[in-house]
Amino acid sequence: MAATAGAACRAVVARDLLIAARRRSDVLTTFFFFVIVVSLFPLGVGPDPDTLREIAPGVVWVAALLAAMLSLARMFGADYADGTLEQLVLTPQPLTLLVLSKVLAHWLTTGLPLVLIAPVLGLQFDLPGDALATLLVSLLIGTPALSLVGAVGAALTLGVRGGGALTSLLVLPLYVPVLVFGAGAVTASATGMGAAGHLSLLGAMSLAALVFAPWATAMALRISLE
Amino acid sequence: MNWFKYSSPQTFYPLAGRMVPWFMGIAVVLGLVGLYLALFAAPTDFQQGDAYRIIFIHVPAAWMSMFIYVVMAFWAGIGLAFNTRLSSMMAHALAPTGALMTFIALWTGAFWGRPTWGAWWVWDARLTSELILLFLYLGYLSLVAAIDDPRRADKASAVLALVGAINVPIIYFSVKWWNTLHQGSSISMTRAPSMASIMLTGMLVMVFAFWAYSIAAALMRVRCEILDRERNAAWVKALGGV
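Protein sequences, first through last, are from chains R and C.
Residues in the first sequence are numbered consecutively from 1, following the working numbering.
Residues in the second sequence are numbered consecutively from 1001, following the working numbering.
Calculated from the structure, these hints are not laboratory results.
Cβ coordinates follow ideal geometry from the N, Cα and C atoms, glycine included.
Check before you lean on any hint, since a few could be wrong.
Claimed, not checked - Which residues of chain C face chain R? A partial, calculated answer using Cβ under 8 Å:
1) Phe-1135
2) Leu-1136
3) Leu-1143
4) Val-1159
5) Asn-1167
6) Ile-1171
7) Ser-1174
Unchecked claim - Just the calculated beta-carbon pair ranges, DEER-fashion:
8) C:Trp-1063 to R:Ala-11: 44 to 54 Å
9) R:Arg-15 to C:Ile-1166: 28 to 38 Å
10) R:Gly-6 to C:Arg-1231: 49 to 59 Å
11) C:Lys-1005 to R:Thr-4: 22 to 32 Å
12) C:Phe-1111 to R:Thr-84: 38 to 48 Å
13) C:Trp-1107 to R:Gln-87: 44 to 54 Å
14) R:Trp-215 to C:Phe-1173: 20 to 30 Å
15) R:Leu-28 to C:Ile-1166: 50 to 60 Å
16) C:Trp-1107 to R:Gly-164: 25 to 35 Å
17) R:Asp-50 to C:Tyr-1036: 50 to 60 Å
18) R:Ala-73 to C:Phe-1173: 26 to 36 Å
Only chain R is shown next, with the shape it has when bound in the complex (with noise of 0.2 Å):
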């Protein structure tokens, strides 16, 4: 049993993977939307480099935030409407471990793609080398969490009225304490006073919504799907 259901979670992320270089356009337009708000930022507040510094960390975390909230929709909504996500609640196999694999291939999809170019942008605001691999390993600790949590928000929200804001309104105050200790932990390697502290807390919410969330990722699923 337990290798048929890690084969199932193997087909799961396969198929969603596939599925997202079929229609590249989806994954990009999130990472390019992640790209544009961060660059509107400095349009906005003025290109002076000691204030960009400063709300960088901010800026960057929460652009990552929008852009996870945003790409919500597509984790269960195609599935959802072509009935693949009954079939999949109908298998033998665990729910919740299907469930961690679909989070495990929007991750990949969406979450990844925004860390690897963190960086990049984190030079656009003249971030020194200390800060942006900081930002880099938090919002790889960090966006993890955002898929997760953002799961369970999407399973709620899945052919309801209004589904794209409503998420979104669900998700935004639960991802508080990740923008927190995210930003928290580049602000703080940015001013030198180590960012270790901050780096386990982060890693301590993604590990606390890898136990809870695709379990009650997989009871909303039930209950839109009743």
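Got chain R sorted already, so can you dock chain C onto it with the hints?
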């Protein structure tokens, strides 16, 4: 006595109807006594002047806002676990009162902060987490409103309430650390000078008044919810005139 007797909407509806006037009466009497103590009996604070009297509304509202969220999550969880209709209705009925209390706490806090701190708003840990609590209430209410099927709305909102309840302490501590890491907290609400006992009495009376009001409001709302959902049931039709 069989407590589960009142877990059915049909039996709870008249019971709630009998309880509402009592709690409303307690709320009014205690509210008047509390306001008398707050506005006339309690002495003027020598540091803050008369502005401190806002706490007689502010503190009870802030306590209720947090407590109601816990109670709401509790009923939502019971409704989800045991599939009891009345528990979910109770959770829905509590949410607007909780949101109202959160709003009152924030609003009166701003009125208190202006003369005392010289600012309508500061990003203090308590203020920020209270604001996020308001967002959680609003998310809950809009999810309930967005789903047409009441049973699905019950369960979906219950999951959200429970996820929120797990998150509330995390949010509180993260905001607290966030603030202390950015700057030493220059203003603290916990450093209140030891209160005169008349002030404390007034505040406790007001707290109980808010409790009674919240219970009465939630019961009235749950009665409406019961009537709305059971409108096709024989017992509702038999009530007549409703």
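Hints versus structure:
no. : hint                                : in the structure
1   : Phe-1135                            : holds (4 Å)
2   : Leu-1136                            : holds (5 Å)
3   : Leu-1143                            : holds (6 Å)
4   : Val-1159                            : holds (5 Å)
5   : Asn-1167                            : holds (5 Å)
6   : Ile-1171                            : holds (5 Å)
7   : Ser-1174                            : holds (4 Å)
8   : C:Trp-1063 to R:Ala-11: 44 to 54 Å  : holds (51 Å)
9   : R:Arg-15 to C:Ile-1166: 28 to 38 Å  : holds (31 Å)
10  : R:Gly-6 to C:Arg-1231: 49 to 59 Å   : holds (50 Å)
11  : C:Lys-1005 to R:Thr-4: 22 to 32 Å   : violated (48 Å)
12  : C:Phe-1111 to R:Thr-84: 38 to 48 Å  : violated (54 Å)
13  : C:Trp-1107 to R:Gln-87: 44 to 54 Å  : holds (50 Å)
14  : R:Trp-215 to C:Phe-1173: 20 to 30 Å : holds (23 Å)
15  : R:Leu-28 to C:Ile-1166: 50 to 60 Å  : violated (34 Å)
16  : C:Trp-1107 to R:Gly-164: 25 to 35 Å : holds (30 Å)
17  : R:Asp-50 to C:Tyr-1036: 50 to 60 Å  : holds (56 Å)
18  : R:Ala-73 to C:Phe-1173: 26 to 36 Å  : holds (31 Å)
Violation of the numbered hints given earlier is confined to hints 11, 12 and 15; the remaining hints are satisfied by the structure.
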